[in-house]
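Produce the entire structure from the sequences given, and follow the hints as far as they go.
Protein sequences, first through last, are from chains A and B.
When we follow UniProt numbering, the leftmost residue of the first sequence carries the number 1, and every step to the right adds one.
When we follow UniProt numbering, the leftmost residue of the second sequence carries the number 1, and every step to the right adds one.
Derived by calculation from the structure, the hints in this document are not laboratory data.
Even glycine gets a Cβ: it sits at the ideal position worked out from N, Cα and C.
Do not rely on the hints blindly, as some may be mistaken.
[Said to hold, decoys possible] Heads up, incomplete: computed chain B residues facing chain A, CB under 10 Å, no partners named: (1) Trp6; (2) Thr10; (3) Asp48; (4) Val64; (5) Leu67; (6) Trp89.
[As the list claims (entries may be wrong)] Listed next, the in silico DMTMM-like pairs over lysine to aspartate or glutamate satisfying Cα-Cα at most 20 Å (straight line): (7) Lys204(A) with Asp189(A); (8) Lys286(A) with Asp2(B); (9) Lys286(A) with Asp48(B); (10) Lys94(A) with Asp180(A); (11) Lys204(A) with Asp180(A); (12) Lys206(A) with Asp180(A); (13) Lys8(A) with Glu28(B).
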Amino acid sequence: MNKVPNNKAWWLVLPVFLLVAFSAVVPMMTVVNYSVQDIFDQSSRYFVGADWYRQVLLDPRLHDSLLRQFIYSACVLLIEIPLGIAIALTMPTKGRWSSLCLIVMAIPLLIPWNVVGTIWQIFGRADIGLLGASLNQLGINYNYAANTMDAWVTVLVMDVWHWTSLVALLCYSGLRAIPDVYYQAARIDRASAWAVFRHIQLPKMKSVLLIAVMLRFMDSFMIYTEPFVLTGGGPGNATTFLSQTLTQMAVGQFDLGPAAAFSLVYFLIILLVSWLFYTAMTHADKQ
Amino acid sequence: MDWMAWTLPTAIFFASIGLLLLGMTLYELRRPCVERRGFLPIATTRGDRLFIGLLVSAYLHLLVIGLSDWNLWVASLLSLAWLLVVMRWG
Chain A
1 MNKVPNNKAW WLVLPVFLLV AFSAVVPMMT VVNYSVQDIF DQSSRYFVGA DWYRQVLLDP
61 RLHDSLLRQF IYSACVLLIE IPLGIAIALT MPTKGRWSSL CLIVMAIPLL IPWNVVGTIW
121 QIFGRADIGL LGASLNQLGI NYNYAANTMD AWVTVLVMDV WHWTSLVALL CYSGLRAIPD
181 VYYQAARIDR ASAWAVFRHI QLPKMKSVLL IAVMLRFMDS FMIYTEPFVL TGGGPGNATT
241 FLSQTLTQMA VGQFDLGPAA AFSLVYFLII LLVSWLFYTA MTHADKQ
Chain B
1 MDWMAWTLPT AIFFASIGLL LLGMTLYELR RPCVERRGFL PIATTRGDRL FIGLLVSAYL
61 HLLVIGLSDW NLWVASLLSL AWLLVVMRWG
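Okay, structure coming up:
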């Protein structure tokens, strides 16, 4: 017989629900309202239907920025996930060294976004920065403010420096949760290190890896502060990602209608990807 | 409420979503649903199917706006049909 669920526990969720309603639902309803109107000021606004949606969906500037954003998030995931796994596999498992490693790994995560941007802005400068000046001394022409490729590499390396630790720590916790019997069985079978990784460690890390991929995707997909501080979106528009384009539109040009329409498209992309990850995660748990 | 810049169509839209959620809650309380497998590749509950239905409807509207000159009502009617199909056989 199926157990009847006790729905009274939902009352405990009510405070959070109210909080989220005020911090997310009401602002989002406002954004939806803005996205169908041409707003000049509070007293003069006109209903324009789906015009702003049509405008933003056909805007080449937003297409470029969306493409850059997908490429950026893909690069972030392709670098940080394997690197994080590799670091987690090489980290010591016991003793003082493991504690020290954990603390060192956690330090970049504690630094605020704008500080990370400033650190790398100075670090990469061709005249006084340790990285920039050293590369130029070695004869490599490096200037993130003028060269598109240099700007991309710097923004990517900065993100890798800031967030690989998160992936590594998640994988480390996943690895520590594997019971020793699996390794004993592998030793009896004389499994190679690769076989242990492929058939024991990787499947056991599946759920934490899904969380890591989801967190890194969402975070990199909405990245704003770090590239804004480091390159200001330049050179040209080379590192102008979605949220910066959106901010320019909403706050810089005060085009509230198109900005609202675009933020809803942005939201739908995030919603779809998060739902796919959530479904994959819950199905992995069921299996 | 003036700062929220309400319009009649958006008010109707949110009221319908609200009523839909309320209706689903009451329906769930009266007749709790069982997870099942339809034509969708995963087992879903009634709420899952509603979410999938609404998300696909939103993308359908964007497709119609972005890629065609069709009237938006076409997208809305297609979405309604899709929603009914996914709720019944999804």
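Hint by hint, here is what the structure shows:
no.: 1; hint: Trp6; in the structure: holds (6 Å)
no.: 2; hint: Thr10; in the structure: holds (5 Å)
no.: 3; hint: Asp48; in the structure: holds (8 Å)
no.: 4; hint: Val64; in the structure: holds (9 Å)
no.: 5; hint: Leu67; in the structure: holds (8 Å)
no.: 6; hint: Trp89; in the structure: violated (19 Å)
no.: 7; hint: Lys204(A) with Asp189(A); in the structure: holds (19 Å)
no.: 8; hint: Lys286(A) with Asp2(B); in the structure: violated (47 Å)
no.: 9; hint: Lys286(A) with Asp48(B); in the structure: holds (16 Å)
no.: 10; hint: Lys94(A) with Asp180(A); in the structure: holds (14 Å)
no.: 11; hint: Lys204(A) with Asp180(A); in the structure: holds (12 Å)
no.: 12; hint: Lys206(A) with Asp180(A); in the structure: holds (18 Å)
no.: 13; hint: Lys8(A) with Glu28(B); in the structure: holds (14 Å)
Checked against the numbered hints above, the structure breaks hints 6 and 8 and satisfies the rest.
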